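Dock chain V against the given chain E, drawing on the hints supplied.
Quick mapping for you: the protein sequence lines, in order, are chains E and V.
Residue numbers for the first sequence follow the numbering used here, beginning at -1 and rising by one.
Residue numbers for the second sequence follow the numbering used here, beginning at 102 and rising by one.
By construction, these hints were calculated from the structure, which means they are not laboratory data.
Keep in mind that this is a model prediction, so the values were computed, not measured.
So the derived label-pair ranges between C-beta atoms look like this:
{"id": "1", "chain 1": "V", "residue 1": "D263", "chain 2": "E", "residue 2": "P235", "range": "53 to 61 Å"}
{"id": "2", "chain 1": "V", "residue 1": "G144", "chain 2": "E", "residue 2": "Q186", "range": "43 to 51 Å"}
{"id": "3", "chain 1": "V", "residue 1": "S322", "chain 2": "E", "residue 2": "K75", "range": "24 to 32 Å"}
{"id": "4", "chain 1": "V", "residue 1": "N161", "chain 2": "E", "residue 2": "D71", "range": "41 to 49 Å"}
{"id": "5", "chain 1": "V", "residue 1": "F358", "chain 2": "E", "residue 2": "A210", "range": "51 to 59 Å"}
{"id": "6", "chain 1": "V", "residue 1": "G144", "chain 2": "E", "residue 2": "V166", "range": "39 to 47 Å"}
{"id": "7", "chain 1": "E", "residue 1": "D252", "chain 2": "V", "residue 2": "E249", "range": "38 to 46 Å"}
{"id": "8", "chain 1": "V", "residue 1": "Y108", "chain 2": "E", "residue 2": "Q186", "range": "56 to 64 Å"}
{"id": "9", "chain 1": "E", "residue 1": "E81", "chain 2": "V", "residue 2": "F358", "range": "16 to 24 Å"}
{"id": "10", "chain 1": "V", "residue 1": "N161", "chain 2": "E", "residue 2": "E5", "range": "43 to 51 Å"}
{"id": "11", "chain 1": "E", "residue 1": "G111", "chain 2": "V", "residue 2": "E165", "range": "19 to 27 Å"}
{"id": "12", "chain 1": "V", "residue 1": "N124", "chain 2": "E", "residue 2": "A210", "range": "42 to 50 Å"}
{"id": "13", "chain 1": "V", "residue 1": "L203", "chain 2": "E", "residue 2": "Q187", "range": "26 to 34 Å"}
{"id": "14", "chain 1": "E", "residue 1": "Q18", "chain 2": "V", "residue 2": "D256", "range": "18 to 26 Å"}
Sample of chain E residues lacking proximity to chain V, with all beta carbon distances greater than 12 Å (derived):
{"id": "15", "residue": "I13"}
{"id": "16", "residue": "I30"}
{"id": "17", "residue": "L48"}
{"id": "18", "residue": "E50"}
{"id": "19", "residue": "K169"}
{"id": "20", "residue": "S201"}
{"id": "21", "residue": "G208"}
{"id": "22", "residue": "A211"}
{"id": "23", "residue": "I220"}
{"id": "24", "residue": "H244"}
{"id": "25", "residue": "G251"}
Glycine is no exception: its CB is placed at the ideal position from the N, C-alpha and C atoms.
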Amino acid sequence: MNTTGMEFAHIKELIKDKIQHTYLDKYIKKPIIDEEKLFVLLSVMNHTTLTESKKRDYIITTMLVQIALDTHDLVVKTSNSDEGKQQKQEKQLTVLAGDYYSGLYYALLAEAGDFDMIHVLASAIKEINEYKMKLYYLEAESLEVFLQIVRKVESLLFVHTAKFVKEVAVKNLIEEWLLVNRLIHEKQQFYVKGYSPLLDIWSHQNDSEGYAALIKNVDSIINKLLGTIEKSAMELPDYYRDLKMHIINRINGDPTMDTIHVEEG
Amino acid sequence: MKIAKTYGYLKKDLDCIEVALSNVIQAEHPVLRNAATQLLKAGGKRIRPVFVLLSGQFGNYDLERMKTVAVSLELIHMATLVHDDVIDDAELRRGKPTIRQLYDNRVAMYAGDYILARSLESITMLRKPKAHHVLSKTIVEVCIGEIEQIKDKYDWNQHLRDYLRRIKRKTALLIATSCKLGAIAADVPEALADKLYKYGYYIGMSYQIIDDIFDFTASASELGKPVGNDLLQGNITLPVLLAMKDREFCRLLKNAFSNPDILSETHMHDLLAKLKETDAIQCSYELSDHYLEKALKIVEQLPNNKAKHMLKDIAKYIGKRRS
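Only chain E is shown next, with the shape it has when bound in the complex:
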């Protein structure tokens, strides 16, 4: 992945350094840094006139929040009474790791005296948790509405950050791109593990259709979205060249983006 200005690999290393914790790393899985989200954020920040240190702080803290939220999603829904010592410790450390990453975001921005950005990210966390509750209790009358909620959960943090740095033109593209990436990821999960945590929420309540029909439905939504995204990416202003090229290359060159390919595989 290439971007002008700040380098992708460098910023990813900075995030890795930030979340490094000897004890946590030994007993729980290292958090995944979502590269698509990082790339979008980097593209947005590189276009702004903010100082390099501000850009860096905003990228690292937004990603820290994402990592914290993702980490808490890994906490088991219910604790089994026959939970072993190792399982219990893993659960406990997963809770604390998420809290720790959240604390780091606040500490970094507090150090910079950036109260407004602390507020922006806190508001995003608040809203995302409201949407997560809607997802959890499946408050959607149709698949479209369900996916609208997923879209919010996936993109709210990045849309809030983009709005804060006055980059509003890419809002829809960010939302659609992050949604489509999540759907493709979930579909891959289904093919590899036979189970998609996200799609399972929907299929559980609507099992009359069956999983095969759901995947077919999701495929058609992905295809539709990719068409819209490609069109929007082509229309992006020149200063978003990196993001435009990245999206178009992935849509046309990445086999995971090809829904038919995945289906046949």
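What follows is chain V alone, placed relative to chain E:
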């Protein structure tokens, strides 16, 4: 820490804080809203708001600003409790079902994250860099303290300093921070704000030591959990550390915990009885008193006002806590 005098003195302002707390946690999602409201209604001693208000009275006391700080600190404490209950698989808190028990772990995680986010949203209304430095460092330290607590479980070779560092992070820092933030919000001069911070730190240390003593001396009904629950969970607190100087207790302890999964009630009964035969409880109270004396010495250096007397009363009240 219900001292009628202190609460009476601050009642009006504490009532305002209670209303503000309730308003802040009105989430849109009904389950999220109910979960947070139930947690709030379960009560609590509100000691952090009390310290914020009392510290603020050494400067330009503005209720709106004090309220912002007090609400934020209480919310941080609440968020920590919700996640702690997931960590401990706790079914009850203050005699009421925990959020994870009423709903499940996932809802508790979302509720905790939501409450913490509301707290940070609220505290950004206070535009004082120093306050945010102190608070953010404390939040990170509290997390590190909890991780250390898990790391130190069943480690019989740990030292007194490990225990003291743990309780500093677990309890004392947030109380010290409550004092300091109240002071900062009221533009109290830095040297005085630092004294209030130290007072809060010593009080917090003393308070946690006494709580750790109660784990062995109070009844199960008073505690709302089994007697010796900390030890059952593998947490080595001061009374145990001190009792381990006794060879027989040490032998019983290591024997009982050779396989914690099959720890019997008889094992625990024998252990608790033996612990009480040692001077561990007495020595633990002495260390708690040592911190209280330090807190009282700080109080003597504070300007003379009503808040000073209240801080003194609180310290004395903590010293008298016995079960």
